[in-house]
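Protein sequences appear in the order of chains H and C.
Just so it is clear: in the first sequence, position 75 is 75 by my numbering, and no numbers are missing.
Just so it is clear: in the second sequence, position 12 is 12 by my numbering, and no numbers are missing.
Simulated from the structure, these hints should not be mistaken for lab results.
Honestly, I wouldn't trust all of these hints.
Stated by the list, open to error - These stretches of chain H come out as covered by chain C in the derived footprint (C-beta under 8 Å, 3 or more residues):
| hint | segment |
| --- | --- |
| 1 | 41-50 |
| 2 | 65-76 |
| 3 | 87-98 |
| 4 | 101-115 |
What you are looking at is a predicted structure, and each value in this text was computed from that prediction instead of being measured.
Ideal placement from N, C-alpha and C gives every residue a C-beta, glycine not left out.
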Amino acid sequence: MIEVKNLTKYYGDFLAVNSISFNIEKGEIVGLLGPNGAGKSTTIRMLTTYFAPTSGEIYINGYDIKENPTLVKKFIGYIPEASPLYSEMVVYDYLRFIANIQDVPQDQVEERIEFVVSKCGLTEMVYKKIGELSKGYRQRTGLAHAIIHNPPILILDEPTSGLDPNQIIEIRELIKELGKEKTVLLSSHILSEVQATCNRVIIINKGSIVADGPTNELLKGSFDSERFIIKIKTKDSCESIKSRLSGIEGIYGCEVFDGELKEISLNVARKEGIEEKIYTSIKSTDWILYEFRKEIQTLEQIFKQLTMEED
Amino acid sequence: MKMISVQWKKIYFLLMKEFRYFFFSPVAYIFICIFLIALGWLYFSRFFLYNQLEMREFFNILPIVLSFVVPALTMGSFSEEFSSGSYETISTTTVSTLEIVFAKFLAATLFMYIALFPTLMYPITLAFLGELDFGPIIGGYIGSIFLIASLVSIGIFSSSLSKNQIISFIVALAISVVLCLILSLMKALIPPFLIDFIEFIDFSSRFSNIARGIIDLRDLVYFSFFSVIFLYLTYQNLELRKLA
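Pulled out of the complex, with its shape left as it was, chain H reads as follows (with noise of 0.2 Å):
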């Protein structure tokens, strides 16, 4: 659905995209995940015809991008970063308008705005200013005015970012939703959204792409080690807790913290059964155990291994 052949661009001499290339193909869920600045906007503009490429090919749906461009966005519901909308419109006037220019035929759009506004959860928004909506409604309307055209594309840029954590498992519930009948392509720096809604994961950094895959396989499998933090009450020394826990087959790295509470803090090689080990060892001591977690791999962990990989 989606082919991008050495894409690049550059803004003066800054290098923003640098020759990336990937292939969406139809059903995928797709995440474009980076940290702020490393082109995720920038690629999402090449796609929906807002930036030329400085040079590198687009296909959507096999149509090259810079031959029809007006064909294309046929294709395509896009939303920007923020849904910038016409904010004196009433959203009923407005899911209107766009139908109207996005070729909806006449004897349908009402038939289309009923559908996107229950489907969006729009109904007791319909007759208000967009600029008078919360940012979660106004996002709503930004997924209503991507989908009133039926397009079998959806390419929504940070779709969840200025909300509250309410709004943002709505919108994912939503996008989710929608994914079931559309290619979806969306860019967030959060992990935990891209763990949560797609199910393939493309990680840029710096204008290059560092990874490309199955979400749960990329987030999870490729790491080879994990981290474990966990709190106990006990009067054994630092160096006896080490030493009694280094033993364990699989862990190859452990740190104590002192305190009121102590910190110990573990790497461990991905294994099955290891936390039942842990817990083994830690239960024929006397420690009390107050806490026992896995560490959540930030983006930034994430970034730093792959980063390391490549070096």
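Once you have looked at the hints, place chain C on chain H.
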């Protein structure tokens, strides 16, 4: 060579949206009021001094008033959309750049025609006072139609240059005032070999020709051509933004 196609249906929808924006806010009405008051006051403060039943003075003032008023109307047309980001939203739908440019141009031009419409009561009122020569007045309004289109195209172009409305306003104002006022004032100071060129581009002398009732096709073609060129520059400028 890329085919540049334009769908009038889409221009119509975009135009309606722009109109809605103009008329659903009080700004449009305040704007029209200020325009009419300024024009009426400048005209009638001297009307009784001339003691003549004609509208020549009205059409002398009109280009100057327009060159201030039109930039104020058009300054937001692209600048505001750039700064709010809605230009990205709209330009990534299936409308083409040219359709957006046309729609904005038509919307602002038609709006100015509507703003000018109430001034028709002046010649109607004057007609009751005595024998009125309608030739120059009809000429004046025909000239206004073309003059407004040219000034709007300058304003639209300026607005496409920057996301700052003030900059857009000042650029449009500078170009408009030079064409409508400064050039004709400078004629005495200009070296003779430039006179022909200055007279060729000057708006005010062409407009006053038409407003005297001498409708020369060359003047009308000049104004039309001028609008087309500035709209084309706007289009090119917007396309260049993509290359950033």
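ask   = Which numbered hints turn out to be false for this structure?
value = none
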